[in-house]
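Protein chains: 8
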Amino acid sequence: MIAEFQLDWQRTKRTSFPEAVFCSGKSVAQIEAIVQSATERQMPLLLTRLTQEVFSRLSPEVQSVLARSDRSQTASSSVPPTTLQSGIGIVTAGTSDTPIAYEAAATLEFMGYAAPIVADVGVAGLWRLVSRLEEIRQFRVVIAAAGMEGALFSVLAGLIAAPVIAVPTSIGYGVSANGHAALSSALATCAPGVVVVNIDNGFGAAAAAIKMMRICQHS
Amino acid sequence: MIAEFQLDWQRTKRTSFPEAVFCSGKSVAQIEAIVQSATERQMPLLLTRLTQEVFSRLSPEVQSVLARSDRSQTASSSVPPTTLQSGIGIVTAGTSDTPIAYEAAATLEFMGYAAPIVADVGVAGLWRLVSRLEEIRQFRVVIAAAGMEGALFSVLAGLIAAPVIAVPTSIGYGVSANGHAALSSALATCAPGVVVVNIDNGFGAAAAAIKMMRICQHS
Amino acid sequence: MIAEFQLDWQRTKRTSFPEAVFCSGKSVAQIEAIVQSATERQMPLLLTRLTQEVFSRLSPEVQSVLARSDRSQTASSSVPPTTLQSGIGIVTAGTSDTPIAYEAAATLEFMGYAAPIVADVGVAGLWRLVSRLEEIRQFRVVIAAAGMEGALFSVLAGLIAAPVIAVPTSIGYGVSANGHAALSSALATCAPGVVVVNIDNGFGAAAAAIKMMRICQHS
Amino acid sequence: MIAEFQLDWQRTKRTSFPEAVFCSGKSVAQIEAIVQSATERQMPLLLTRLTQEVFSRLSPEVQSVLARSDRSQTASSSVPPTTLQSGIGIVTAGTSDTPIAYEAAATLEFMGYAAPIVADVGVAGLWRLVSRLEEIRQFRVVIAAAGMEGALFSVLAGLIAAPVIAVPTSIGYGVSANGHAALSSALATCAPGVVVVNIDNGFGAAAAAIKMMRICQHS
Amino acid sequence: MIAEFQLDWQRTKRTSFPEAVFCSGKSVAQIEAIVQSATERQMPLLLTRLTQEVFSRLSPEVQSVLARSDRSQTASSSVPPTTLQSGIGIVTAGTSDTPIAYEAAATLEFMGYAAPIVADVGVAGLWRLVSRLEEIRQFRVVIAAAGMEGALFSVLAGLIAAPVIAVPTSIGYGVSANGHAALSSALATCAPGVVVVNIDNGFGAAAAAIKMMRICQHS
Amino acid sequence: MIAEFQLDWQRTKRTSFPEAVFCSGKSVAQIEAIVQSATERQMPLLLTRLTQEVFSRLSPEVQSVLARSDRSQTASSSVPPTTLQSGIGIVTAGTSDTPIAYEAAATLEFMGYAAPIVADVGVAGLWRLVSRLEEIRQFRVVIAAAGMEGALFSVLAGLIAAPVIAVPTSIGYGVSANGHAALSSALATCAPGVVVVNIDNGFGAAAAAIKMMRICQHS
Amino acid sequence: MIAEFQLDWQRTKRTSFPEAVFCSGKSVAQIEAIVQSATERQMPLLLTRLTQEVFSRLSPEVQSVLARSDRSQTASSSVPPTTLQSGIGIVTAGTSDTPIAYEAAATLEFMGYAAPIVADVGVAGLWRLVSRLEEIRQFRVVIAAAGMEGALFSVLAGLIAAPVIAVPTSIGYGVSANGHAALSSALATCAPGVVVVNIDNGFGAAAAAIKMMRICQHS
Amino acid sequence: MIAEFQLDWQRTKRTSFPEAVFCSGKSVAQIEAIVQSATERQMPLLLTRLTQEVFSRLSPEVQSVLARSDRSQTASSSVPPTTLQSGIGIVTAGTSDTPIAYEAAATLEFMGYAAPIVADVGVAGLWRLVSRLEEIRQFRVVIAAAGMEGALFSVLAGLIAAPVIAVPTSIGYGVSANGHAALSSALATCAPGVVVVNIDNGFGAAAAAIKMMRICQHS
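Protein chains in written order, with full-length UniProt numbering: chain H, 1 to 219; chain A, 1 to 219; chain R, 1 to 219; chain G, 1 to 219; chain E, 1 to 219; chain Y, 1 to 219; chain D, 1 to 219; chain P, 1 to 219.
Think of the hints as simulated: they come from the structure by calculation, not from any bench.
As the structure is a prediction and not an experimental result, all values here were calculated from the model.
Possibly wrong hints are sitting among the right ones.
To be verified - Restraint ranges, calculated between C-beta atoms of paired labels, are given here:
(1) G/Ser37 x P/Asp70: 35 to 41 Å
(2) G/Ala29 x R/Ser24: 47 to 53 Å
(3) P/Ala114 x H/Gln30: 20 to 26 Å
(4) G/Thr82 x H/Arg132: 36 to 42 Å
(5) A/Ser37 x E/Glu40: 44 to 50 Å
(6) H/Ser59 x P/Val65: 34 to 40 Å
We put the CB at the ideal spot given by N, CA and C, even for glycine.
Make the full structure from the sequences, and use the hints.
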């Protein structure tokens with residue numbers, strides 16, 4: 001059984017994702033071992049939540065095979081494709097949500113997509129969103145990152161036809177500390193077409209967006 | 001000390017509220033005793049959360065001194081003033097929020113205010129809110145009732161100058177069951193000028209609105 | 001401004017959804033008014049969470065324009081299209097999750113999609129899922145409904161290439177009462193490509209699935 | 001549509017608030033960019049939750065245009081008005097609540113209001129509150145900051161005619177850690193006329209107080 | 001070991017409590033068996049949370065040995081002592097808290113104490129409490145029952161020297177539903193000398209009050 | 001009124017507590033001001049949660065009037081009485097609960113009571129508790145500190161006649177992190193006579209114990 | 001792959017459990033279909049949480065193949081083995097926990113084990129537990145059911161060598177309503193050797209006990 | 001009584017566990033005292049959650065009697081047995097769960113068991129688990145450690161006959177932060193035979209596994 005299952009699994013992986021490693025909570029030794037193993041197997045690797053502090057403690061050999069971006073806190077061991085696909089866009093409610101937007105953008109680039117970021121269009125000043133609406137409507141899939149009360153998700157989904165992948169962010173204090181108020185807003189939205197990923201999960205939103213884009217390639 | 005404190009207290013009450021009774025959780029005998037006591041003291045009385053079922057079990061004498069409204073689930077023992085003041089308006093996100101809006105309106109009428117209800121302007125269809133905006137901007141104080149994800153509070157407060165009293169309603173299911181998602185949204189809003197009362201507390205929102213209107217009479 | 005906004009809004013609605021009404025928490029009079037208004041405007045209408053008990057209390061006129069399904073607790077005022085599109089499938093973990101699956105299927109049919117239900121493939125008996133895998137892999141978008149611990153979401157997303165829309169259901173007791181354990185599992189999944197809607201939100205999952213299918217029509 | 005909406009939005013802003021920036025969670029580079037942009041546009045700017053540690057890491061140019069107060073953790077880029085309006089007062093339950101009171105007072109001063117602080121009048125020693133009552137009754141709007149069990153909100157609102165804006169503070173430990181016990185008390189109060197803002201939200205309380213004071217200027 | 005432990009246990013029980021039975025969640029057959037067993041052993045028995053509905057389904061034999069009070073929902077199988085001790089008093093914030101006060105009073109009477117109830121002295125109208133203060137100060141131990149935001153506990157403990165046993169009640173809605181807001185207030189109080197029992201636990205408060213009164217008899 | 005209320009308040013304070021200051025969350029300047037004020041008024045002062053780190057940052061003048069104990073994290077500005085009363089005892093479940101026990105003991109000493117600590121008698125090894133039982137039974141009031149699952153409260157209260165003041169401690173991890181599991185156990189106990197204070201509130205437990213001891217002096 | 005996986009799965013099932021159906025939340029039609037399918041396949045079937053009310057609505061044919069027990073709310077379609085194995089015992093803290101104990105006992109009997117129930121040995125009266133200890137020590141695996149504060153789990157595990165499977169029950173009110181206090185106690189216990197199943201999960205505890213007994217048969 | 005109880009307790013301990021000390025939250029002085037006491041009594045001692053930072057602050061004498069392992073954060077004062085028993089295995093979902101697995105393995109070794117670790121077999125890539133299944137099926141008791149959504153518990157228990165002791169780990173972020181999502185999954189599993197210990201409680205899982213292995217030695 002195992003051999004057959006293995007074959008089947010390989011088939012699944014062809015339409016799936018390269019290896020990605022969530023670095024938060026892993027030791028330096030664990031991260032080094034994962035990078036070395038991937039390098040030996042010549043498999044592209046994406047690392048997320050890799051802080052500068054942890055990166056600087058990795059061995060020079062491991063550092064040398066990784067390209068790290070500070071604004072997205074990601075690193076990858078492969079050269080991104082020279083031509084990137086379009087169709088996915090990222091929208092953020094506030095300045096503080098941008099690290100999550102960059103994590104999503106870095107994941108998308110790693111997978112071959114260039115995703116513009118339309119930043120700081122939270123709905124307390126509705127004008128900011130309305131003035132960028134035509135631009136947002138060009139996207140076939142929209143990732144929206146918002147903390148605080150997360151009202152952006154409902155308003156945005158009511159204004160565009162594309163599916164909205166809501167990423168609640170852990171921006172806020174009091175009742176919105178840790179992102180649970182924004183998460184509840186995203187799940188409880190009365191606007192049809194909003195789907196939700198975990199708090200601060202820019203990587204997961206990007207992965208879902210790519211799976212959606214691939215729908216059209218499904219035979 | 002007690003006599004002096006009593007005098008002081010009476011002075012406070014002059015600028016305060018007539019007696020109001022939250023009937024949910026009180027027995028028929030308790031409600032009857034309260035109504036009879038107020039009637040004897042010739043004090044106007046407002047009863048909230050008085051269901052038809054409980055009302056029908058009150059004694060005929062008590063029923064006869066009360067005028068009950070089914071849509072607001074309130075009753076009062078006094079004839080409302082013939083001329084009502086304006087300045088306060090009520091906005092609701094959905095059809096299901098109207099009972100709470102009616103509780104607020106009945107409280108306001110009992111206290112001498114006529115408050116129009118602008119219903120069903122939730123932000124998933126932003127057009128509904130924008131088309132009623134001029135009307136809403138006439139109000140000096142706005143009570144907003146919304147359940148589900150409560151995105152109305154932030155959007156509304158960003159569009160009008162008046163203070164917004166948010167009443168989260170217990171409309172919803174899953175993460176929004178019991179109104180906690182809407183409550184979190186109201187408290188976590190990034191729009192300045194939103195203040196919040198307890199879930200489903202139409203009475204409290206009306207009392208706060210009146211206290212705000214009285215600011216201008218403060219000497 | 002309003003006229004222009006209105007035009008823009010109409011454009012948005014063309015690519016959007018017909019009216020849908022969540023009946024739970026609405027009074028008989030409110031539901032009747034909504035149906036009559038939609039009938040007069042000749043707009044198709046979908047009603048969800050419409051129990052037999054509430055339906056039976058609607059006026060004969062309103063009942064006569066509605067076709068109600070007991071297993072999905074939905075009703076609609078329009079004849080479903082004679083030809084239905086394929087591409088969306090529904091997977092459930094247990095027998096108790098089927099009402100939510102039927103709500104999703106009824107919404108999809110109302111919108112022009114025929115969605116097969118692959119029922120009772122929860123992962124405690126992994127064989128049940130594996131034996132239906134080829135069938136599930138034909139779907140371009142998969143809606144997965146699961147209660148209890150919601151382990152199905154992670155396992156399923158690891159085995160197929162299509163995006164998985166997780167609908168946690170309120171099936172369970174103790175820590176899983178009300179669906180919060182399944183919701184947490186869906187959001188916390190380590191499998192990329194899972195997106196989540198509110199607990200028991202079969203309608204929302206269907207709406208999101210349609211938005212995803214329309215990605216390919218985006219110009 | 002956009003041009004018209006923009007005009008409308010400008011009209012809204014005239015009666016609204018200057019830009020305010022919540023610095024917690026923003027990077028030094030983000031704060032610098034916001035200050036520089038506001039300086040170029042000659043717009044007054046209020047920064048809240050700006051710690052000394054972060055302030056000291058801002059560029060000398062940016063530091064030079066900001067006046068920072070340590071007790072309120074705020075900074076502003078504009079000279080406060082020479083004549084300040086009265087009418088708003090701030091009351092605190094304990095010594096530990098004063099930072100929040102100062103944040104509110106700094107926001108009010110930035111907006112043109114001088115707000116006295118009546119500190120340390122928590123109700124466990126009722127005498128402290130009663131002895132300051134005449135002073136508190138002069139205010140037309142009262143902001144009350146309290147942590148722990150937040151009993152001050154109910155007692156205060158029962159003693160004065162002005163609206164009470166409750167700011168629960170994150171002062172406490174055990175069940176009152178993070179301010180949730182005080183928040184619940186504020187929302188659950190049986191005293192009519194209490195409205196609530198998010199935990200530690202001194203800025204929001206000040207903004208709401210100003211909106212209330214403006215009611216009397218509403219035409 | 002067992003024999004010795006048994007002797008020791010008997011000694012403990014002499015200073016302890018007669019048997020008490022919490023009837024909620026027990027079947028009619030279980031309650032009947034407990035009453036019959038106690039009757040045979042000639043042990044006095046107190047039953048709490050015994051609704052009229054359940055009582056009416058007990059066998060006539062069992063009913064005949066029980067004296068049930070509707071307002072306290074308790075029943076006992078023994079004649080209360082003819083002379084009752086004083087020293088314990090009960091204070092309630094609102095009318096709705098009286099059932100819990102009666103449960104405490106019935107427990108105290110069963111144990112030989114007459115406890116007056118000072119009802120409806122919630123702090124939103126501080127005058128009500130102040131006017132009864134001399135009466136309350138006569139008690140050596142005070143049981144205080146309050147729901148909603150539970151501000152009574154702090155204010156009361158600040159005004160009297162006796163220990164205050166706080167019984168949060170499940171009176172309230174929204175954030176105070178089920179008594180958790182009042183429970184948090186009781187635990188988080190800044191007034192020294194407040195101790196707390198479970199929500200609605202009038203029996204437990206009475207038991208603790210008696211244990212406190214017995215301190216003075218301790219040799 | 002104020003003068004009379006003031007007199008009444010002084011009377012209350014005679015039977016009440018000296019000033020106590022919870023230092024956590026207060027600035028060095030605030031603590032210094034409080035100590036200086038008390039010193040000038042020649043009032044004894046107890047400071048709790050005063051870490052060595054904060055103490056070392058106080059001015060030499062303030063440090064010189066305080067006697068600080070590291071194990072209890074308390075300090076006081078008065079010489080403790082030379083003769084201390086007995087009657088109160090402290091019991092702890094584990095080694096980690098001792099800091100809370102010392103806070104209670106220091107408070108008691110400040111108020112004139114010597115309270116022995118019976119440490120490390122948690123019920124997982126029941127023998128440890130049983131072997132100290134005779135000693136514990138000498139106390140007229142027992143303070144019990146326990147974290148983790150807090151089973152000690154129920155077992156202890158079943159074995160002794162004295163009232164048990166449960167202090168849940170924030171010792172534990174996973175579900176018992178922050179003391180909420182122990183708090184729930186204390187409140188939900190099926191043993192009559194247990195009363196509860198906030199998590200880690202050794203001071204409050206001591207204050208309540210003293211109020212109980214004073215019952216016997218009540219005239 | 002599927003055929004091989006199927007074979008492997010069959011092997012797993014040989015050492016596993018017959019089909020069990022959790023009836024709560026399933027419709028009458030669903031339960032009937034499951035019973036009929038099992039009957040046709042001649043597979044033994046256990047139904048749990050089958051109330052008398054639901055049972056009475058099943059078709060006479062389905063009723064006729066089921067033997068239902070009211071005290072355990074279970075039914076089975078097979079004759080229990082004539083000889084039952086011993087080694088597993090069930091201990092309960094209170095009378096109210098017995099329905100869960102009976103569910104466990106019925107499951108065990110269905111699987112071939114006779115499990116005695118040692119009832120009502122909660123630790124508030126430690127004597128009750130100590131006097132039954134010799135009996136309990138005969139069991140090789142102990143299932144313990146307790147609600148309220150769940151102190152039984154820790155005390156019991158400290159007194160016996162066998163593994164303790166804790167079943168928190170939903171018996172209680174206030175903080176212990178729904179069994180979460182007992183669940184926390186079970187998980188947070190400081191006694192080694194306690195393992196936990198979901199609240200009220202008598203079936204799961206029985207299944208785990210059997211898996212433990214089978215350890216000794218493992219080759 | 002005490003002497004007899006003591007004897008009985010010694011008998012219990014023979015089948016029980018050596019002393020284990022949870023070091024987190026204990027001071028250096030407390031840990032030193034415990035080690036010295038055990039050394040004097042010549043009792044083997046296991047210390048868990050002993051960080052390198054705390055270990056380095058212990059006195060040289062105490063350090064010298066302890067063998068500490070960094071990967072398990074444990075130390076012991078005794079030489080492990082030269083021959084170790086088999087039968088228990090440990091399975092982890094991800095790399096980040098290994099510290100907990102090592103804590104369990106170190107505890108088992110201290111008690112005489114050698115437990116292999118099958119790491120990184122989380123179900124998002126089902127192949128990883130299936131390919132190790134034969135190995136896992138050799139274990140008579142399986143400890144499974146998983147964070148995030150904890151889907152491993154259900155899938156694993158459905159594939160093997162041995163009891164599964166689930167250790168939810170505090171690996172994750174957003175809704176899975178602190179391990180509560182994994183804990184809920186473990187408790188809510190629909191796979192029979194899963195039992196659960198506290199979050200990150202590798203020690204407790206090991207203790208339970210040993211108690212299960214001893215079932216076969218029970219006379």
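Do the hints match the structure? See the list:
1. G/Ser37 x P/Asp70: 35 to 41 Å: violated (50 Å)
2. G/Ala29 x R/Ser24: 47 to 53 Å: The hint (47 to 53 Å, Cβ to Cβ) holds, given that G/Ala29 and R/Ser24 are roughly 48 Å apart.
3. P/Ala114 x H/Gln30: 20 to 26 Å: holds (23 Å)
4. G/Thr82 x H/Arg132: 36 to 42 Å: The hint (36 to 42 Å, Cβ to Cβ) holds, given that G/Thr82 and H/Arg132 are roughly 40 Å apart.
5. A/Ser37 x E/Glu40: 44 to 50 Å: Given range 44 to 50 Å: holds, Cβ gap about 48 Å.
6. H/Ser59 x P/Val65: 34 to 40 Å: holds (35 Å)
Of the numbered hints listed earlier, the single one contradicted by the structure is hint 1.
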